[in-house]
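Going line by line, the protein sequences match chains P and R. Each residue of the first sequence is one higher than the last, beginning at 1 in my numbering. Each residue of the second sequence is one higher than the last, beginning at 1 in my numbering.
Careful, some of the hints might be misleading.
Stated by the list, open to error - Which residues of chain P face chain R? A few of them, derived with a C-beta cut under 10 Å, are: (1) Gln59; (2) Pro85; (3) Arg129; (4) Glu131; (5) Ala132; (6) Ile135.
Said to hold, decoys possible - Stretch-level coverage of chain P by chain R, calculated; a stretch enters the list once three of its residues show a Cβ under 8 Å from a Cβ in chain R: (7) 17-28; (8) 40-49.
No wet-lab data here; the hints were simulated from the structure. Just so it is clear, the structure is predicted and the values come from calculations on it, not from any experiment. The beta-carbon is built from N, C-alpha and C at its ideal position, and this holds for glycine as well.
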Amino acid sequence: MDRNQIAKWLKSPAKMANKYSLHAVYFCTGCGIIEIPPVITTRWDAERFGIIPVATPRQGNLFMITGYVSLKTLKAIIRTYEQMPDPKYTVGFGSCPINGGMYWDSYNTIKHLDRYIPVDGWIAGCMPRPEAVFIAITHLWTLIDKGKADGYLRYQENYAAYRRNQEMLFAELEWPPLYPCDSIAEEARK
Amino acid sequence: MTGIIQIVLSPLIAFVVGVLFLGLARKIIARVHRRYGPPIYQPVIDVVRMMSQRSISHGALFELGVVLALAGSLVTVMLIPLGGTEAFQPFAHSVLCPLSSSGGLLVVMYLMLFGPLGLALGAGASANPNASIGVSRKMLLALAYEVPFLLVILAVMSQYGSISLTEIVARQQQASWGVLSVPLSAVAAFLILPAMLGIRPFDLVTAPQEIASGPLAEYGGTCLALITVQKAIHLFVVIALFVDLFLGGGVNLATFLVKMLAVFLAVEMINAVLPRVKIEDAIKFCWKWPTALAFVQMTITVLSK
């Protein structure tokens, strides 16, 4: 362990533990997932940074969306994101979640992922190399240190706006709102 | 007074050593795979992280199941002698086993089922289909390894003429170790060790790729942290039991832990290289080779007595 970090560990153990134990839920939407097996296995070995893949959203705190997001998968992404326990961090992998990428004019993919769930960081490229994942992780560490990786807090604060965006896409969602939400309250009043 | 100190001390040792063993397991697997691997204290970081996360509950039973499993494992630790001897020897201390006078091996056998049962209760309350599949696999696997395990224990008990674990350890330290006096039982017990620990090739209960980590599918946050601790203590219990039954315990805690480390390394090497088997193959295996070996040994031991 780095000796400079002992003071940090004593000051805020939860934050440091969140930094060094990122259990990742890889959402394999598209071609980006092919870059993940080298990341987590022998060649690049993400486990030395404490990053291991987990099987269910309940156990994870890093959500990585690897590839384009079609309308159908967006539903699953929202549900998976809402099932993860706080604090949680989201990273968009590849150019497709950023702005649609090569599917910029597709009728069936969404172009901006951060309109529907909060995203803490992006990894640009088509495809990003596995090294880019590690650069992203070190950036995420700095963000967590500075308290800027606050996507889960933004989701809570602006849930009404996110929910509205989600409802604009799907007309009606099959699950109730996660947080109390002003637009829902308004509808109830009518 | 020493009794109270021991009651505090032995679960503490089990916790520290068990968590370090979990970290060591990840490091060993990484090195066998030619990776660098996580730091050895990584499970501690993981547990702190899980404790800090918001936990989701599916009702009282969901959380009580975890507590039951953890309590069962902690009580089991107190029934197992962790080194020490009554005989006069250099560097020896008195037997570290707070509940040595209550029941011995038979109680240990029953209490070891508390872990799986508690987890089954909690996972059942979550009503997740993956969890139900995991629970049914866990129960079948328990059925598979309990048969050879019972035969092994019968052979050991009739060899040393006692159901008390401290008595069995003392006899082994006077004469020869269990691995020499009941060799086939030792082999059988070693073959079912991975099944009792739930590691490869018998990690089909918490298979992440097939059934989304089975009974743990709905657990997160604090509950998952407690389950990780339970896993660590269960690991300690099973390997300590193996050392007590076949490797003669230890004259003091240090030798006991060294023997545990040796058994653990052997099991983890197997864990690192083998793939996962299906549940029916696991049962077929457990009821064939370990059962046959244990049965032959039991027959020999009982007839020669």
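Do the hints match the structure? See the list:
| no. | hint | verdict |
| --- | --- | --- |
| 1 | Gln59 | holds (5 Å) |
| 2 | Pro85 | holds (4 Å) |
| 3 | Arg129 | violated (19 Å) |
| 4 | Glu131 | violated (16 Å) |
| 5 | Ala132 | violated (20 Å) |
| 6 | Ile135 | violated (18 Å) |
| 7 | 17-28 | holds (count 5) |
| 8 | 40-49 | holds (count 6) |
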